[in-house]
Structure formats: structure tokens, C-alpha cells
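**Student:** The sequence shown begins at 2 in the working numbering and counts up one residue at a time.
In case anyone wonders, no lab produced these hints; they're calculated from the structure. Possibly wrong hints are sitting among the right ones.
Across the chosen pairs, the derived CB separations fall in these ranges [unchecked claim]:
| hint | residue 1 | residue 2 | range |
| --- | --- | --- | --- |
| 1 | 188 | 215 | 19 to 27 Å |
| 2 | 98 | 177 | 48 to 56 Å |
| 3 | 42 | 85 | 26 to 34 Å |
| 4 | 215 | 73 | 32 to 40 Å |
| 5 | 74 | 190 | 38 to 46 Å |
Remember, predicted model here, so these are calculated numbers, not experimental data. Backbone N, C-alpha and C define an ideal beta-carbon position, used for all residues, glycine too.
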Amino acid sequence: MNIGNITMNEPYMNVEYYLTEPEAELGDSSLSLPNNYVGPSGTLYARVINTQTGCYTVTEQELEVRPTPVANELAPVVVCDSDNDGFATFNLASLTHEIAGNPVPSDIDVTFHHTLPDAENFVNEIENVTAYVNAQSGGETLYVRVGYAYSSCAVIVPLELVVSDTPAIQPPTALELCDTDNNGLEQFDLTSKEEEILNGLTPSDYTITYHTTQSNAQTGSNAIGTPEAFTNTVSMVYVR
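Turn these sequences into a full structure, and let the hints guide you.
**Tutor:** In C-alpha cells, the structure reads:
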């Protein structure tokens, strides 16, 4: 219970809490509640006494018990760095449902902060959450506060942002085979071009997939299942 809010931090003020207004008016200290009172939501009565004059007033103190907010810690959020400069754009707003639940309760605020103290004190929240550019090259750790507005009831979780370099791959030379039976089809080993594509990159650091359309390659969907034995039905294959 925040005594300072009731006394306005005036000197010579003492505050006692009671369950009922008559008890507060009576001022019997044996009936007063401890400052670390544990109880349900409801109304208490504060007796504020001027210790120099003995004058007092009684005021209501509302208590509200709320459930602890849900705050899920996410796996690192990775965004590809198209120009390999160490910086990328993150849509932090799109992560709120994963962190705080779907839908996010209407009385819950989800805010992003650069430091843990800022999150704890509910200050300096990041404003551009739909197109946030990392402040440190290569990524950084932010702190997400999930809590009730203007309340210390909150949970804070870290959020790691990672900017991943885009592989500098080499467009391979054409893969050609003779059509022995002149039916327009041949079986190709697409993986035979991987060393050429990686152009010196460490193969174990990368996963290569093959696609029959550029859109599938961009989304990483519908990869060719057996690239080592692909019978051509198109003249172009896209490598992701």
C-alpha cells in the first residue's frame, strides 16, 4: 500500500489501515492492519493522523488484485541482412500475440525497451514498433514489459534480435545433359552445382533447397524432394 500517495509526502503524517470505516473512525490501533496486508480486492479505510496536532481524516483505499500477466520468452528473432551492413528492420508489433497471448487482454500493455531498468520503470519505450531498426550492428537484446498500465504489476522478458548476413552465393553455370532418346527429358543431379553456388562458403553452415518457381524459392515452400535425381519439366530451377 502506497502511503506516500495518501499523505502527499507531508511530514508528521501517520497512516493506519482498517477493514471498516467505523473502525477507522474509532482509531483503535489494535484493529489496524499491517502495511504488508494480504487480502482480496476490495475497499480498506485509511486513517491519516497529524502526529503534531492529533487531527485526523478517514479516506477510502481501493485494493485490486489482478492475475499476473502472461509473458512468453521467444526464441531469437532472425532477419536477413540484404546488404550485409549489420542492420535490418524488425516488426516488433507482430510479436505481441506470441509474447502476451492472442488476443492480448485489453487492460494489458506490451512495450519494448532498450534496457532492463527502462522496462522495470516503464519509461523510454520504443515508439516505432512496426519498423524498428536495431541500434547495434548485428542485433541486440531488447526487454519486453507485459503489464498493467500505471502499475508495478508486470512481467519482463528479454527479446534477442539477430541480423543474419545474406550468403554471397555465385549463380552457377548451366547444367547440361544430352537427351539420349530425344524425348525432351533428362535426369539431373542439381546438387552437383552446390560447390559452385556456395563459392567457397562452408557447406555445413548452409541448407540448400531447389524450387521450380521463384516465388516458392523466396518463401521456402514446395522444395524439390529429390534434387539429386530431378527430371526436368521446366527450363529454370531456383536455388534457395
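**Student:** Give a verdict on every hint.
**Tutor:** Each hint tested on the structure:
1. 188 with 215: 19 to 27 Å: holds, 23 Å
2. 98 with 177: 48 to 56 Å: Check passed, 50 Å falls within 48 to 56 Å.
3. 42 with 85: 26 to 34 Å: violated, 54 Å
4. 215 with 73: 32 to 40 Å: holds, 35 Å
5. 74 with 190: 38 to 46 Å: holds, 43 Å
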